[in-house]
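Both chains are given apart, each in its own frame, so use the hints to dock them into the complex.
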Amino acid sequence: MTATAQPGEPFVVELQQFEGPLDLLLTLIRDEQVDIYDIPIARIAEQFLARIKTLAIDQAAEYLEMAARLLRIKAQLLLPRNQDDESWEDPRAELVRRLLEYQQVREISDHLARMAEERRSRFARSWLPSQSIEPPPAPLSLSLGELLAAVDRVLRIAGEPHLHDVVPRPLDVDGAIRMIRSLLELRARARWYDIVRPSAESWEVLSALLALLELARRGELRLRQATPFGSLVITRESAGQAA
Amino acid sequence: MNPLAKLLEAALFASNRPVPVDELAGLDADASPAAVVAALGEIRDTYQTNGHGVELVELGEGWQILTRPEYTDAIERAQLAARPHRLSGAALETLAIVAYRQPIGRSEIEEIRGVNCGAILKSLQERALIDVTGRGEGMGRPLLYGTTPLFLEQFALRHLEELPRADELAVTLRVEPRAI
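As given, the protein sequences belong to chains A and B, one line each in that order. Position in the first sequence counted from 1, then plus 12, gives you the numbering used here. Position in the second sequence counted from 1, then plus 32, gives you the numbering used here.
Fair warning: there could be bad hints in the mix.
[Claimed, not checked] Between beta-carbon pairs, the in silico distance windows are:
id, chain 1, residue 1, chain 2, residue 2, range
1, B, GLN80, A, ARG55, 52 to 62 Å
2, B, ALA106, A, GLU58, 45 to 55 Å
3, A, ALA150, B, GLY58, 26 to 36 Å
4, B, GLU169, A, ALA150, 21 to 31 Å
5, A, PRO182, B, GLU93, 47 to 57 Å
6, B, ARG49, A, ARG84, 44 to 54 Å
7, A, PRO151, B, GLY58, 22 to 32 Å
8, B, GLY85, A, GLN29, 34 to 44 Å
9, A, LEU90, B, GLU193, 23 to 33 Å
10, A, GLU130, B, ASN48, 15 to 25 Å
11, B, PRO181, A, GLU98, 47 to 57 Å
12, B, ARG100, A, HIS123, 20 to 30 Å
13, B, ARG49, A, GLU130, 15 to 25 Å
14, B, GLY166, A, SER211, 56 to 66 Å
Hints listed in this document are in silico derivations from the structure and should not be mistaken for laboratory results. Note that CB positions come from ideal geometry on N, CA and C, so glycine has one too.
So here's chain B without its partners, still in its complex pose (with noise of 0.2 Å):
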């Protein structure tokens, strides 16, 4: 690997958050973002290639090196890290709703959902996965979330148009045959 690419695997790996490129680029006052990029690429493949443990990541606006999927049970095993809580049904749909919608009152969620979601929404923005970004207008100003950068993060997108679009869903409904 060349001198730069050496520099940003050392920072990476220092490094517990997904790192941004600007901020790689700020290693070394040589190197472009164009430079860091193609460096990063070659991270990357050399890892790819040589066939390491770990992979370098590109998620929640920046890069990140992780360890292989299938280590995943002997590490944990070993008790040197722990999975995350999985999240719930109603706090993935709620969660979805606000990634699509942002941003969105408590009212609408729950008008989209038919259940009562003040309680997940206090879960969601305690895990810091959504925030209160604003007020609407209307009665009682209502709060309006939208998502964090540790969402992105923790569903390893790199930024919210990497979610599928709406009219891409399949919609089974939709499609299924019109029965009877």
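Looking at chain A on its own, in the form it has when it is part of the complex (with noise of 0.2 Å):
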């Protein structure tokens, strides 16, 4: 494998063959067989500099990266040293290092594609093309503690919301008729507040009303106001008298 760049031709369409940097790197310590423990760096530098050198900069910015980090370790090669000097430590460990650990990662890699060929070969009962039915899950993370604090925040600037509190009470016309009943047993006038408390609820002065209306149907009591919205003022009919 041979760096021929044609003139004019990006070199990058053939690195394209390449993951990256330490994928070159890898493969050039391949082909030219040497031992990943004892790099000769200058000569690999060289080769790897002679596959990236048309490349356009912006396209390759990793590979200059690792090639500026190349020459760097060539450099420290290159720098005189005490044998016994034993705090020495080779220049190239860290990228032995890494290149065995993405040489593992390669090794993995091939494993997965194996397998995810192996159950490409198989269909579910109802293979869907899942892309394009289903939505893929949102990339949400919420812990609830996170939610209720969203929501108390949306509350907060929705201002107090309206409850209206729907509660059963069914209206008491027997006991309102019963009351009033009673009531004109001894008076013969009344006054509608003699009968609804000024603080009665609704279901009071809705039993009150129907209640004084049934009465003054069956004749037991006259209902008169004198003015429109004015006081409302019951009398004992002879009628109820009698009764």
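Laid out in structure tokens, this is it:
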């Protein structure tokens, strides 16, 4: 595998077969049959540069970074050093570690590719192209606490919600009739507010009103109102008296 | 096959996803998980020995009826079903790193691969093979990724422990005789 870029032809086409600078480096090491623990940096760096030479810079920042790293290691190896210096660390060590790690990733991904291929060759009962049928689950990661806090914020913005309690409370017309009858037994005349307390609840008001109308219909009492919205005067009728 | 095995066969046929044993046990109040597992074995053996076009496979934390590989081409030619797209090499590498190192952040993945992985992580997330599983410590609290149940399903794995252990891998460069 030699780098033979034709003039004017973007080299990146050939580089696309590599997944990145580590992949290119591994390929060079394999092609050159060199020991990964004793990489001849000068030779590999030269090969590496030859491969990426014609790349446009913005396409290959990662390759260029690796090239710079290789040249730095090469320079560090050229520095004279004391043979007995035990603190000396091989400047290639970090690169070797990364290459081995990456090699491991390649093996795992080969393994995954084989398994995926095996699964791809079998259809499930109702295989559907899931991407086009149902949208993938939203990348939403929320804890219950975060969700409740968000609800709280929305409610604060929305202000106090109008809450209306519906409580089933049947009207008590019979009770009101009994009450009005007993009142009219004591007095011949009564006013609305003798029957309904000012603080009465709507169901009590309605019950009283219906009771009055019912008793008026039966002829037990007479209802009079001098002016519109005026006070209601209730008088015992003779029929009621007789009853 | 016994009545439980027939019930399970019907349920597995109706489902379009692998069904876990405890869900299968829910089909019959009298069936214990052990009886379900035994019945699943019976179905699998029946398919195996009687020469069926389908087989019962344990994957993705459940059981699923799948067609046999030898009929895939014919089924696809007739356009009755289509194989999903293959993942690219870059996507497989990224997925491999996530599978082994989860939960893992983008910068660590890029450190291992030596290239930018933002777009690939996004597309793997869109295919629902990985998802954000949390946030890491440190600057900016980076998003951490992990694999999803669909990953197990699409790679015919029962659980993550079925992946080869890192120390079981050959690592060809390591065992290669030291040339030169």
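Against the structure, the hints come out as follows:
1. Distance hint for B/GLN80 and A/ARG55: a CB-CB separation of about 55 Å, consistent with the stated range 52 to 62 Å.
2. Range check, B/ALA106 to A/GLU58: Cβ separation about 52 Å, and the 45 to 55 Å hint holds.
3. In this structure the supplied range 26 to 36 Å holds for A/ALA150 paired with B/GLY58, their Cβ-Cβ distance being about 28 Å.
4. Evaluation of the 21 to 31 Å hint for B/GLU169 and A/ALA150 yields a pass: the beta carbon distance comes to about 25 Å.
5. Between A/PRO182 and B/GLU93 the Cβ separation comes to about 56 Å, which falls inside the hinted range of 47 to 57 Å.
6. Taking the beta carbon of each, B/ARG49 and A/ARG84 are about 52 Å apart, inside 44 to 54 Å as hinted.
7. The hinted range of 22 to 32 Å is satisfied by A/PRO151 and B/GLY58, whose Cβ atoms lie roughly 31 Å apart.
8. Separation of B/GLY85 from A/GLN29 is about 39 Å and conforms to the stated range, judged on CB atoms against 34 to 44 Å.
9. At roughly 48 Å, the beta carbons of A/LEU90 and B/GLU193 sit outside the given window of 23 to 33 Å.
10. For the pair A/GLU130 and B/ASN48, the beta carbons lie near 19 Å from each other, so the given range of 15 to 25 Å is met.
11. Between B/PRO181 and A/GLU98 the CB atoms are about 52 Å apart, so this pair conforms to the stated range of 47 to 57 Å.
12. Range check, B/ARG100 to A/HIS123: about 23 Å between beta-carbon atoms, so the 20 to 30 Å window is met.
13. The hinted range of 15 to 25 Å is satisfied by B/ARG49 and A/GLU130, whose Cβ atoms lie roughly 18 Å apart.
14. Look at B/GLY166 against A/SER211: about 58 Å separates their beta carbons, and that is inside 56 to 66 Å.
Of the numbered hints stated above, the single one contradicted by the structure is hint 9.
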